[in-house]
Every structure is written in structure tokens, then in C-alpha cells.
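A.B. asks: Given next are the chains, with one letter for each unit.
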Amino acid sequence: MRYQRQITLKEWGAGAQEKLARSRVLVIGAGGLGCPALQYLCAAGVGTLGIVDGDRVSLPDLHRQILFGEGDIGAEKATTAASRLAHLSPSSKCIPYPMRLHPGNALDIVDSYDVILDASDNFPTRYLLSDACALLNKPLVYGSVSRFEGQVGVYLPGGPQYRDIFPNAGEVPSCAEAGVLGVVAGIIGNLQALEVLKIISGVGQPLAGRLLTYQALTNQFYEVEIAPPAETRVLTREAFQGGPYTEVIDPETFNGMLRDPEILVLDIRETGEEPQVPFPHVRRPLSLLRGEPVPYTGRRIAVFCRSGQRSLEAAALLGTENTVYALEGGILGWLAFQNQPDVR
Amino acid sequence: MEITVLSFGQIADLTGPTLEIRDASDTDTLEALLRQRFPGLGGMSYVVAVDKKTIRENTPLHSSSVVALLPPFSGG
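Chains as they are written, first to last, in our numbering: chain A, 1 to 344; chain B, 1 to 76.
Each hint should be verified, as a subset may be incorrect.
Said to hold, decoys possible - Below, a list of computed lysine-lysine pairs in the DSS-like style, where the Cα atoms sit at most 25 Å apart:
1) Lys-198(A) with Lys-138(A)
2) Lys-198(A) with Lys-19(A)
3) Lys-19(A) with Lys-93(A)
4) Lys-198(A) with Lys-53(B)
5) Lys-198(A) with Lys-10(A)
6) Lys-198(A) with Lys-52(B)
Treat the hints as calculated values from the structure; they're not laboratory data.
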């Protein structure tokens, strides 16, 4: 029998296995964390796996995104992962959502799952997801990596949430900029899968209220307890849907916005920064934005910077008064997209 | 008294993974000393933990205190 070796564990048994078979787990991001997590959750016997990812497979992903091969380059990650998992184990039902998570779809998607696994690769999605889970009382298993390090945590309803640990994540390099060792993402993704299994089965103690960090170079784990929040945030569905969340957009969506006269296209790079761009835009350097009151209200603003990091900070500043979209990968990513002959 | 500071992620690039700081009686003093010594720290976002517990306000330190500076990671 497929699950015999884990049913044999006396703490696990047929009861835990049955809970797993009935469970629905949502994984946000089929990347370096999502791939290994999905693989083990599927193999372990989770009944339904939802996979949210709006990206497509590219060559630099393959060292850590182990559900994909070179033949998958250019294919949707969510659907490719789902069909690969269906091949690994037909007992798990896989539902792909080949789209980004945004305030308009997050609650609907999250609501039909029991446990959520955050394997995303950017702060706006992490905050959005954390708030959606808090609002819907869903347990959230968080993981993130950078270079040779990773973090794991579990946010249970009523306990400390992601925002209670990191109220404002500023400018932090992404995997694309800072690099990451594939196996480190594998270790963190697997730790996340383990926490999901513990939450569903009730076996063991989940990492609730704690943040676990892993340093691969010295093979050290360091765990801290999260201080409970000073006050409980009250989040309503209305506030969530109209909330100041940054939507991260890809170059294709950005191109659509360039044609929309309602959208203000904002370059937040500093004066004189290269490369110059061939489309109409307004330049408002981030260093100015930081020190002034929000200069626009009620606008839809598409923000870009050089590589996609600073625009997130600018978007957070502008987002209190506006709906803001941040160009993923910045103008360098946009130029690379424009120069791809087969995509346009 | 000597406080042990453990740095994680990009913060360790500035400070090294561990360092000892003398004469910081509380976390505000410690952070001011660190920012003086490593000005780049001012622009970084991180959570402070004292003896493996995150803090929300100025917290007294003792000679055996271990302070961790933990930045968020965005990568996945």
C-alpha cells in the first residue's frame, strides 16, 4: 500500500493518513520553495493541492524548481506542476491557478483550502496572503530564502502573523539579485511541507508563534519566539479588498497599462539613472517620495525602477492613497521582455 | 558588560555574523551604537530578538544577553 511506511508510525497511523486524504492545501508559488513542498505533500497523500503561480518556467529556475525540466521552458508553472504531480500520484487532485494572487482573487482562492503554504517570492504577495489568511482564519505556513539562508514560521488564527514580525519589509534583494543555492530552497520548502503535515494531522507541535532560521554554510538553526502583537488588528473584507496592496505586474501587463490613458506611469529612479525608456512617463525619484506627503490620490499608478526592488517601496508609500502596480524585474526585465523575439 | 550580537542575511554582510558590543544597557543604546559603527544598517529592515524573543520596544540588556538582528527574506 502506498502510504504503509508512514501509517506504520505509531504517532501517525491510519487516522492521520485519513485526515491528509481529506485535506485541501494551497501552495502560493511553484518556485524554489513550492516545488519541493508540492512534491512531498503530493507523495504524502494530501487529497487536494491548489497551485497559484502566474509565471512561466525559465532556464535559471531549474536549479531549484525541481518539478520542471528544460522541455518545460516557457510553459505555465502552475499547470506544468499540476500535471507533473498528477503523474507522481494520481491520488492527489491538483488544481492549477495560473495567475498572480491579488486583492480581487485572494479571498476566493484561499477560502476553499484548509492550510496555506506561502512559497511566494515577493513582499507584496506575502503581506496580501498573510492578511487574507488572518481574515479567513486559515493557518499559514511561511517560508523564504536568500542565498544560503532560509526562514520558516507558522501563523495560526489568533496568533502572531507575518506583519507582527516584519511590519515593513524595505528593500531586500530578491533571489534573482542575491542568488540562492537550490538545495537551501529545497530544505526550507520541505520544512514548510512538514509543518503543513503537522497542522493537518495534529501530530507534533507546529512552529506557531516562532520564527526558525537556517544557515546552510554552518548548518545552524536559530529559533526565536515572536512577541504577541501589542494590539489586535481588525481586518474586514471591505478593507482587504480596497486595501493598500501593491500588485506586482509582469512586462506584458505593464505594456497593456502603457496604452491606458487612465494610468499614471511613474519612474521612481533617481535623476540621471540609465537606461532611458521609450514610453511617456513621469519621473519622481524615490528619495523625494520618502520625504514628502503622498503626491497623488485616487489614481491608478504603474511604478517602475531599475530592477523591481525600489518600486515596491515606492508602491507601499503611494499605496495608502492610490491603487499601485509595480513592474516586476524593473526596466531591465521589461527591456529583456521586449527583446524576446518569440513573445511579442 | 559585553553583549553578543548575531546578524542574519544581508545584515551579516555589514557586521559579520557575530560581534561583541560593550556598554549597551538597553536595545536602543545598542542599536544607536551599531548604526554609528555600520551606517548602512539605518536603511535596512529587520526585527530584533533578545535572548531568542522578538521585542517591540526598548528592552534592558544584561552581560549574558544575545541579541539577534533578523531581516526578512523575500525569495522563494
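A.B. asks: All hints are to be evaluated individually against the structure, with a verdict given for each.
C.D. replies: Do the hints match the structure? See the list:
1. Taken as a hint, the Lys-198(A) and Lys-138(A) pair is honoured in the structure, with Cα atoms around 15 Å apart against an allowance of 25 Å.
2. At roughly 11 Å between alpha-carbon atoms, Lys-198(A) and Lys-19(A) fall within 25 Å of each other, so this suggested pair holds.
3. Between Lys-19(A) and Lys-93(A) the alpha-carbon distance is near 15 Å, which keeps this suggested pair within the 25 Å criterion.
4. Our distance criterion of 25 Å between C-alpha atoms is met by Lys-198(A) and Lys-53(B), whose separation comes to about 23 Å.
5. This hinted pair checks out: Lys-198(A) and Lys-10(A) have alpha carbons roughly 14 Å apart, not beyond 25 Å.
6. Between Lys-198(A) and Lys-52(B) the alpha-carbon distance is near 23 Å, which keeps this suggested pair within the 25 Å criterion.
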